[in-house]
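Protein chains: 2
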Amino acid sequence: MPVYKAPLRDMKFLLNEVFDYPKHYASLACGENATPDIVDAILTECGKFCEEVVGPLNQVGDEEGCKFDNGEVTTPKGFKEAYNQFVMGGWQGLSAPEAFGGQGLPASMGLLKQEMMGTANWSFSMYPGLSLGAMNTIYLHGSEEQKQTYLVPLTEGTWGGTMCLTEPQCGTDLGQVKTKAEPQADGSYKITGTKIFISSGEHDLTENIVHIVLARLPDAPKGTRGISLFIVPKFLPDANGGVGERNGVSCGSLEKKMGIKASATCVMNFDDATGFLIGPENQGLECMFTFMNTARIGTSIQGVGAAELSYQGALEYAKDRRSMRALSGKKEPDQIADSLIHHADVRRMLLTQKAIAEGGRAMLYYAARLADHMVEGHEQGDTKKAESYDDKLGFLTPILKGFLTEMGFEAANHGAQVFGGHGYIREHGMEQIIRDTKIAVLYEGTTGIQALDLLGRKVLLMTQGGAVREFTLTVANFARKQLTNKRTRPFALELLKLTAQWNVLTVRLMLAARKDRDAISAAAYDFLMYSGYVTMAYMWARQASVAASSLASGEGSESEEFYNAKLATAEFYYERLLPRAQSHATSMLSPTSNLMQLDAEAMAFTS
Amino acid sequence: MPVYKAPLRDMKFLLNEVFDYPKHYASLACGENATPDIVDAILTECGKFCEEVVGPLNQVGDEEGCKFDNGEVTTPKGFKEAYNQFVMGGWQGLSAPEAFGGQGLPASMGLLKQEMMGTANWSFSMYPGLSLGAMNTIYLHGSEEQKQTYLVPLTEGTWGGTMCLTEPQCGTDLGQVKTKAEPQADGSYKITGTKIFISSGEHDLTENIVHIVLARLPDAPKGTRGISLFIVPKFLPDANGGVGERNGVSCGSLEKKMGIKASATCVMNFDDATGFLIGPENQGLECMFTFMNTARIGTSIQGVGAAELSYQGALEYAKDRRSMRALSGKKEPDQIADSLIHHADVRRMLLTQKAIAEGGRAMLYYAARLADHMVEGHEQGDTKKAESYDDKLGFLTPILKGFLTEMGFEAANHGAQVFGGHGYIREHGMEQIIRDTKIAVLYEGTTGIQALDLLGRKVLLMTQGGAVREFTLTVANFARKQLTNKRTRPFALELLKLTAQWNVLTVRLMLAARKDRDAISAAAYDFLMYSGYVTMAYMWARQASVAASSLASGEGSESEEFYNAKLATAEFYYERLLPRAQSHATSMLSPTSNLMQLDAEAMAFTS
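Same order as they appear, the protein sequences are chains A and B.
Numbering-wise, the UniProt record's numbering puts 99 at position 99 of the first sequence, and it's gapless, one number per residue.
Numbering-wise, the UniProt record's numbering puts 234 at position 234 of the second sequence, and it's gapless, one number per residue.
Incorrect hints may appear among the rest.
Distance condition first, Cα-Cα at most 25 Å in a straight line; then the derived DSS-like pairs of lysine-lysine [what the hints assert, rightly or not]:
#1 B:Lys319 with B:Lys67
#2 A:Lys12 with A:Lys23
#3 B:Lys257 with B:Lys67
#4 B:Lys497 with B:Lys481
#5 B:Lys77 with B:Lys67
#6 B:Lys330 with A:Lys515
#7 A:Lys319 with B:Lys80
#8 A:Lys257 with B:Lys257
#9 B:Lys23 with A:Lys256
#10 B:Lys180 with A:Lys256
#11 B:Lys67 with B:Lys80
#12 B:Lys256 with A:Lys67
#13 A:Lys48 with A:Lys12
#14 B:Lys222 with B:Lys180
#15 A:Lys67 with A:Lys77
#16 B:Lys12 with B:Lys48
#17 A:Lys48 with A:Lys80
#18 B:Lys48 with A:Lys178
#19 B:Lys23 with B:Lys384
#20 A:Lys222 with B:Lys48
#21 A:Lys256 with B:Lys67
#22 A:Lys330 with B:Lys77
#23 B:Lys330 with A:Lys331
#24 A:Lys331 with B:Lys515
Have a look at the derived ranges for each label pair, beta carbon to beta carbon [what the hints assert, rightly or not]:
#25 A:Glu558 with B:Ala600: 14 to 24 Å
#26 A:Gln501 with B:Asp20: 39 to 49 Å
#27 B:Asp20 with A:Ala600: 51 to 61 Å
To give a feel for the contact side, a few chain B residues facing chain A, derived at Cβ under 10 Å [as the list claims (entries may be wrong)]:
#28 Val53
#29 Pro56
#30 Gly242
#31 Phe289
#32 Met292
#33 Val441
#34 Gly465
These are computed hints drawn from the structure, not numbers from a lab.
For glycine and all other residues, C-beta sits at the position ideal for the given N, C-alpha and C.
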């Protein structure tokens, strides 16, 4: 069973050496408390909590799952105690505004916390994770009264939150939402309908649960422009802000799922439940999607977490388990056989996991800086700044969400593979990571939806290729500076080729889409994966550059092995994984006819 | 939930039109009963049995799993009745020798049966599947008395069989086997040891279970050359060939697994159990591995089956579920949204599944013809013929087992992806296919082991590249004939390029391996996948060629849609999947240093 150990060395390398977070925090208005000492103390404390409290509940959570009995949901043994410790530690409000009881630290600090907690135990981390979604929505669109009533206990963590979007007939296509909201004389609404796949919809961790619900007002326009957003608490707040009368919302059942079994995935029935409008009428979807970019970085953490945890498990096993002899000759002649780690093919799998975990983490931290600036722009009422950073982030988030969750799933599979047949056995915990991670490519917008968002919306529709031009300019400027360094020159040359190719591909797809609208959907997945490989290549070059400089300057003498490992992993990534980008490049330019010409009825012939 | 429908149209296309099985069977000594009418009747009957009896138990088998109580194992509800029907139908002996009660039909007929049964319900199919392994071993290496005692009830199916290889400390590396065999005065042996991961080790389907066990004689040489093979029945046969005294072998527990939950995976304890030597002393591994090529084709079926079943489920859902509008404009204007099947990205996933299922099936049937010849050579005592076909098969089997199980797993993942979030929910049955199929890349030699067998043993060590030269010659000869046909010319050109490249890659790896033995293990996985993509490309060209001829000759007018679909799928395969071969070509030639340079201790730094 993989035992989570917070990868603090790597986290600090990225924060302090690659992305210079100390300077970044010093530049932020909300960063005055995020001094290097404080950040360090928080990381250490959070890592300890995740290693000692959250991680050990991962396997038992999977075995036991959530239990449903007559509308009540019980989380697995130990979850309530761990959650109470989480509340006592003030972890929920880490990046939340001080005005509502939070610690007011930068958004990126919250992401670091989410990463560690999610890697240690993704199911557990979903309870506070969903609350964050509700908190953001209320903070951005709620009235002052709504903020005081709901945001304070949510920030404390004594109340939980959910996002109620999906219905049986629709998930991606929210224009089909049917849940109704009837206005009442007192200004409230009666909400009626069924929502499915509601994470944390019902559980025993908090006093109250605040549902954010998409529903339709009477006579609202059809489709996406007729959806409004409502707060529907499980218990109506009483006059003192405490828990009052039970509301007409209840859990009908728990879904039986492939994984994340300790996360309660609920069918929620709203039966004349009292709800309160949040944000303007019929603009529910826009409100729901504000800060969506930040939320999606949160989901992409799952890919990095899966790669990290699975790598930790597989690496330990590969050092421990002995099988066969290395082809290049006995490595441990006194033993009955050599450890798995001496076999090149096993190393291929381990290094793939390592490259994904560390390269993916770099992508997260790179994006998190942008998120900090975006939030600051918003806080300062500087719309232009907020939008500018939201655009940069908007380009990266589908890449992060789509690519990192796919790669995390791949990494989880490699981890089980290193274990051989034992990888299939539940007690080793490796197959759980596969099952838990599979949801990541499906929820919060499937990979296909991320791909359409990237190519169709962010790249072609919104910026006519400008998003790619802007990002590749940054990458190419960095690469050019690396050309003179012997260690990083090969990476720089490859990056320069790729940035040029990325632009060419974009233009060719833009031209193709003018003649044939299916060209976008046909190419989107390959374009997303291509973009992911190149972005990760940029991240590995950034890491390699710092490692090379530190080694050259002699400053890195204490960490020589660490820096050499970074350079070796970068080499592995460029030589063994990055070539995949080229097969995506070829596929994305292939004719749409190979996808569209076959009639639906001619897809199968049974007799 | 995918409801299995036997893909008889596609099976008959491959058998009758692509690979001319009628002529093939007519040429075989054992083929006189395999007339087109009989083959047709058997396929229809078997399809019906799988659709109506075996398939409907797939989901309940997963939900219920096998139960263990005090040494006894109970299979899920309905399994015993279905198995009885299987026995009554004489299905177990379909390809078994008539001398022992079988029907004596060609080996390939058994494979067709296994394909249908395994696709409908892989877990169920494992019980008779493991028996086949035991039957083969006894048939090839048993004494006449052993054959009469064990082979007759095994062929009937009233007794079951297992293969007991793996122990806690070793799976791949069988040289580490510790189970002991002590010779007794009466010529039998006392077997003592623990075997794990024993499929069908204990269950309630048969009167008796015949274990084929790897164990060591006292003073046997260390390693793989000191292992012998024993028959250890659960109940010792009595004088009349019935079930006698209980033997000292028992099931200690069932493994909890990711999937194939209806297949009993047992820890088997041998405690002074009576065993009978089979084959020569200390040559157990060689005996076990005779006919291994045929057995491995059996395992590769799982990849094709997963692709087929998942495709059937996903295709139906894609036609049924409505979400969003096609980018090229409304396709079903009267409906609230268009069906999923109108979205190019969904078609990409469906066509990937289709290309894998049908291309993989073609690979199976291509190899099965070789297996028929190999078995015939063996039956006729024509060692040269048997060996010649075993060599051809030996080159293909790691490709089939390694590549098709990896691709089947990919296809199963696409199937869940088409369902979006619903793909993660157990009741839809799509995630079960992922869990069930994951074992296929792990057991019977992991993908990494198949890759080493292919590149290290079959290609470099045994034939110095000759195996690739021989196979690519066949492919190139076929391709050259297709150059004059407008419809198949693009495939032929690509195949000619690839066959040349495959040889170049082989030579380059051979040279690299002379200097650096790690080069083989480092390149093996990419070489395997490359070989798989090219072999599947050959199969798609074969299918396209038949489809194009039939359309051109007008003979195919009744099946015009079917043939056009074949050509369209071939196009999809060549344009969207085959480019991946190039990224494997690049990776396999990259330096071994990117895998080997990192010290094991420098693979992770926790602080």
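Results of checking the hints against the structure:
1. B:Lys319 with B:Lys67: violated, 38 Å
2. A:Lys12 with A:Lys23: holds, 14 Å
3. B:Lys257 with B:Lys67: holds, 13 Å
4. B:Lys497 with B:Lys481: holds, 15 Å
5. B:Lys77 with B:Lys67: Holds: Lys77 (chain B) and Lys67 (chain B) sit about 11 Å apart, inside 25 Å.
6. B:Lys330 with A:Lys515: holds, 17 Å
7. A:Lys319 with B:Lys80: violated, 44 Å
8. A:Lys257 with B:Lys257: holds, 15 Å
9. B:Lys23 with A:Lys256: violated, 51 Å
10. B:Lys180 with A:Lys256: violated, 45 Å
11. B:Lys67 with B:Lys80: holds, 14 Å
12. B:Lys256 with A:Lys67: Given that 25 Å is the threshold and the Cα spacing comes to 20 Å, the pair holds.
13. A:Lys48 with A:Lys12: It holds: about 15 Å lies between the C-alpha atoms, which stays within 25 Å.
14. B:Lys222 with B:Lys180: holds, 13 Å
15. A:Lys67 with A:Lys77: Distance ~11 Å between Lys67 (chain A) and Lys77 (chain A) Cα, so the pair holds.
16. B:Lys12 with B:Lys48: Holds, at roughly 15 Å.
17. A:Lys48 with A:Lys80: holds, 18 Å
18. B:Lys48 with A:Lys178: violated, 42 Å
19. B:Lys23 with B:Lys384: holds, 23 Å
20. A:Lys222 with B:Lys48: violated, 47 Å
21. A:Lys256 with B:Lys67: holds, 20 Å
22. A:Lys330 with B:Lys77: Given pair Lys330 (chain A), Lys77 (chain B) is violated - Cα atoms ~50 Å apart, limit 25 Å.
23. B:Lys330 with A:Lys331: violated, 64 Å
24. A:Lys331 with B:Lys515: holds, 18 Å
25. A:Glu558 with B:Ala600: 14 to 24 Å: Holds, at about 20 Å.
26. A:Gln501 with B:Asp20: 39 to 49 Å: Cβ of Gln501 (chain A) to Cβ of Asp20 (chain B): about 46 Å, so the range 39 to 49 Å holds.
27. B:Asp20 with A:Ala600: 51 to 61 Å: violated, 32 Å
28. Val53: Violated, because the Cβ-Cβ distance from Val53 (chain B) to chain A comes to roughly 18 Å (cut-off 10 Å).
29. Pro56: Nearest chain A Cβ about 17 Å off; hint violated.
30. Gly242: violated, 35 Å
31. Phe289: violated, 16 Å
32. Met292: violated, 17 Å
33. Val441: holds, 7 Å
34. Gly465: violated, 18 Å
Checked against the numbered hints above, the structure breaks hints 1, 7, 9, 10, 18, 20, 22, 23, 27, 28, 29, 30, 31, 32, 34 and satisfies the rest.
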